[in-house]
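The whole structure should be built from the sequences, with the hints applied where relevant.
If you read the sequence shown in this note's numbering, its first letter stands for residue 1, the second for the next number, and so on.
Please keep in mind that the hints were generated in silico from the structure rather than gathered at the bench.
Take the hints with a grain of salt, since some may be wrong.
Computed spacing ranges between beta-carbons, pair by pair [stated by the list, open to error]: (1) 153 / 4: 24 to 30 Å; (2) 127 / 153: 24 to 30 Å; (3) 16 / 117: 24 to 30 Å; (4) 6 / 113: 24 to 30 Å.
Every residue, glycine too, gets a C-beta built ideally from N, C-alpha and C.
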Amino acid sequence: MTLTQIVFLILAGLALAGAVGMVALRNLVHMVLAMVLAFVAVAGIFILLEAGFVAVVQILIYVGALAILTLFAIMLTRDIMDRRVRANAAQWPWALLVAVALFALLSAVFLRTGWPAATAEITGDQVVALGEALVGPYALPFEAASVLLLVAMIGAIVVAREARR
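Pasting the structure below:
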């Protein structure tokens, strides 16, 4: 095993641990910290793939925006954090069954697919190629995603203002 493979396995394990922590933890702040761990590990994997720009964007956008996400989540779910309020866990076994079945299906598809080997080394400036892709053939989906994010932000502001009243 090479050092790159070992680092990848460590980062993948951290990302998986963060993802499981996001779902399994009950404290909202701990959930967000687990999400930060998962996002930072994914950024590390991007660095291993020599996609430094995507790694920096991952850190700035996802990890940086988590402070605002946490603020909104705490403002909107203040009563849920109370220890006297219990979450209904009646659907937990069904959710676990669906998650395991989906994992088995995705694993089977992943293992049975013949993945092509990399044929050429990535050369050139990745930022330029990404910029050309975003304003070229992917301009419409990029703009649609930005409008969707804008609508989500406006919706969060409206919900937060109504909750304050």
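Does 24 to 30 Å hold as the CB distance between residue 153 and residue 4, or does it fail?
-> Violated, since residue 153 and residue 4 (Cβ atoms, about 38 Å apart) do not stay within the stated range.
Distance restraint hint 24 to 30 Å, applied to the beta-carbon atoms of residue 127 and residue 153 | holds (26 Å)
Could you see if the CB distance from residue 6 to residue 113 stays within 24 to 30 Å?
-> Cβ of residue 6 to Cβ of residue 113: about 25 Å, so the range 24 to 30 Å holds.
Could you see if the CB distance from residue 16 to residue 117 stays within 24 to 30 Å?
-> About 25 Å separates the Cβ atoms of residue 16 and residue 117, which means 24 to 30 Å holds.
Consistency note: the structure conflicts with earlier hint 1 alone.
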